[in-house]
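So you can see what is in the structure, the chains are spelled out below.
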Amino acid sequence: MFREDVLSDLKEEKKKFDEKTEKLLEKRPERKKVFNSGSGEEVKRVYTPLDIQEMNYNDDIGLPGEYPFTRGAYGSMHRGRLWTMRMYAGFATAEESNKRYKYLVEQGSSGLSVAFDLPTQIGYDSNHELANGEVGKVGVAIDSLKDMEVLFGGIPLDKVSTSMTINAPAGVLLAMYIAVAEKQGISPDKLRGTIQNDILKEYIARGTYIYPTKPSMRLITDIFEYCSENVPQWNTISISGYHIREAGSTAAQEVGFTIADGIAYVEAALKAGLDVDAFAPRLSFFFNAHNDLLEEVAKFRAARRLWAKIMKERFGAKNPKSMTMKFHTQTGGSTLTAQQPENNIVRVTIQTLAAVLGGTQSLHTNSKDEALALPSEDSVRTALRTQQVVAHESGITNTADPLAGSYFIESKTNEIEKAALEYIEKIDDLGGAPEAINKGYIQQEIMDAAYTYQKEVETNERVIVGMNKFQIDEKPPTGLLKVDPAVEAKQVKQIDDLKELRDSKEVETTLENLKTACETDENVMPYILKAVKAYATLGEISDVMREVFGEYQQSVKL
Amino acid sequence: MRPIRVLVAKPGLDGHDRGAKVIARALRDAGMEVIYTGLRQTVNQIVNAAIQEDVDCIAVSILSGAHETLLPKIANLLKEEGVDDILFIAGGVIPEDDIPSLKERGVAEIFTPGTPTTVTIDYIKENIRR
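If you read the protein sequences in the order shown, they are chains X and P.
Each residue of the first sequence is one higher than the one before, counting from 2 in this note's numbering.
Each residue of the second sequence is one higher than the one before, counting from 394 in this note's numbering.
Everything labelled a hint here was simulated from the structure, so no lab data went into it.
Cβ coordinates follow ideal geometry from the N, Cα and C atoms, glycine included.
One thing to keep in mind: the hints can contain errors.
[What the hints assert, rightly or not] DSS-like mimics (lysine-lysine), calculated; alpha carbons at most 25 Å apart, straight line:
| # | chain 1 | residue 1 | chain 2 | residue 2 |
| --- | --- | --- | --- | --- |
| 1 | X | Lys160 | X | Lys184 |
| 2 | X | Lys160 | X | Lys322 |
| 3 | X | Lys215 | X | Lys147 |
| 4 | X | Lys440 | X | Lys147 |
| 5 | X | Lys483 | P | Lys518 |
| 6 | P | Lys518 | X | Lys456 |
| 7 | X | Lys103 | X | Lys419 |
| 8 | X | Lys16 | X | Lys45 |
| 9 | P | Lys518 | X | Lys476 |
[To be verified] Computed spacing ranges between beta-carbons, pair by pair:
| # | chain 1 | residue 1 | chain 2 | residue 2 | range |
| --- | --- | --- | --- | --- | --- |
| 10 | P | Asn441 | X | Arg386 | 30 to 38 Å |
| 11 | X | Glu343 | P | Gln445 | 18 to 26 Å |
| 12 | X | Gly441 | P | Gly499 | 29 to 37 Å |
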């Protein structure tokens, strides 16, 4: 990218600069001996063309919307369309969540994002022993199609795009969504949205797994296949680095482990006989945005380029859409402090800038009170407004990938891509992501990084404003959202009522047919859909599959 | 004297285990013997493990909002089993308003987000019952 004579002159100049600066430092040292990024990588005093002299603009950077997609998934990026402002929400009952969704749509939210409670995410009905105390807490409780009908009541499903954070029972919730749409007179090919459906990161970092790795991978490929034929506009998976980062990983680990998971899904689908260009365009990703603005921007760029190369070179994809990494971003929950919660609005703003400058397709911004409780309506509004201010007032949406060409950004992008690729190679050596997870390798790497981070915070090597520096005496916060404990009893009663009303014969038959399908290699999705429509509960359907597939046993390592 | 033994436990369905694991390592680095239960433990499993492992302290981590149900249940079962020599503490996203009643119902101390691990370590050292 640079002329030889420019580089050789610069080399001379840089040498002089370094000598001069070192001398000055003897008298007046810098603030720190070593400057590290948010992920603990050393950052140099200054970056110059020398740091990126090996790069070739056309091959390594290119234009937005063109291979290798370093500069963005689409040509016109946020000029064409702003990112989808998608706020993750859901709590208590379907009625309450339905109200929150309608509120968010009124306030200018452009897509829904459903949070389910833990029993729903783990395939238990609200009356299960382990559900006690958890019903409606971290999301909405869904026991059957009945709840789902209420959840989306009055919301036309051909007009919104809906993201559902659901993994182990993803097929069941997708089937419920399809069934609700049908009742609204909308055919499945009109539906737009995403199911998270990323089981590998559940074993790694998030914890809502049900079945062992092998049958779980089969359920995922069944969904890929079913959707490519019946729900073609649906994103069948959201391969998630978000939770890996929340668990304490570095930026490079977030990219490396997420793409390693992505490789495992592609391999499973190819093994099931699917054509790469038939399913790969519907793969989507989900990343975190932390506070180190420039490192995060470089991370998004590195992830996009690495995925494009892997899809083209390793899997022989032909369709450019198969090589394009599209991703959702959420600001980093673990960066929020319980102390001086207003400061979190500033953190979220920086993280929003990182996501937008990194070229995200959609974004959830966290609310200031999330280190304390579920967010209140007011704090959710401020979080959404943060996105709107960045979108309409900051000016950073006027041009694609505005930080490209910065010596630091390009150099950092290369560095993260290289480190991520090393993790992927290590995981390949271990036999792929599912094996690396079963061996505990990925979990261990993340844990080491998390512990290092914690020690840095405790020794004040890393400053967290308001927490280990600039503290004040504070009164406990007020106005926190609290889920009514009566929700659980209400859900339990609804299940009892449902079981009285539904055709129990039909439930029995559909569940038996599902069981048979699980035991063979038939696609389970049509059978799940039939059971859902007969008002079999989520717990009943999941139990049938537990019986056939067994349950995952966690490898516990410290 | 034998080292302090601690059971670090994750009750209910909550999958957030970064805090539990960080605490477990920090306690171990402070010279304690640590048993970590892994995810999705029932109240019975936690209390049984604590008794069998003869621990001095149960440290429960919970971020799912189920603390008001699960923490008193653990305290009650300890009482029913006649256990009075195990220190029972908890940590996680637990609103300040909920803390007094949890303490009345048998949780010795609650550590909220941002607590340095050294604070928890010192608390355990000073308060174990032996």
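Now for the hints, and whether the structure bears them out:
1. A hinted pair counts as satisfied when its Cα atoms are at most 25 Å apart, and lysine 160 of chain X with lysine 184 of chain X qualifies at roughly 15 Å.
2. At most 25 Å may separate the alpha-carbon atoms for a hinted pair to count; lysine 160 of chain X and lysine 322 of chain X meet this at roughly 24 Å.
3. Restraint check: the Cα-Cα separation between lysine 215 of chain X and lysine 147 of chain X comes to about 31 Å, which exceeds 25 Å; the hinted pair is violated.
4. As the CA atoms of lysine 440 of chain X and lysine 147 of chain X are separated by approximately 41 Å, the hinted pair breaks the 25 Å bound.
5. Between lysine 483 of chain X and lysine 518 of chain P the alpha-carbon distance is near 34 Å, which puts this suggested pair outside the 25 Å criterion.
6. The straight-line distance between the Cα atoms of lysine 518 of chain P and lysine 456 of chain X is roughly 20 Å, inside the 25 Å bound, and the hint therefore holds.
7. Distance hint between lysine 103 of chain X and lysine 419 of chain X is unfulfilled; the C-alpha atoms sit about 44 Å from each other, more than 25 Å.
8. As the CA atoms of lysine 16 of chain X and lysine 45 of chain X are separated by approximately 14 Å, the hinted pair is consistent with the 25 Å bound.
9. For the hint pairing lysine 518 of chain P with lysine 476 of chain X, the CA-to-CA distance comes to about 28 Å; that exceeds 25 Å, so the pair is violated.
10. The hint said 30 to 38 Å for the Cβ distance between asparagine 441 of chain P and arginine 386 of chain X, and at roughly 50 Å that hint is violated.
11. Roughly 47 Å separates the CB atoms of glutamate 343 of chain X and glutamine 445 of chain P, a value that falls outside the hinted 18 to 26 Å.
12. For the pair glycine 441 of chain X and glycine 499 of chain P, the beta carbons lie near 35 Å from each other, so the given range of 29 to 37 Å is met.
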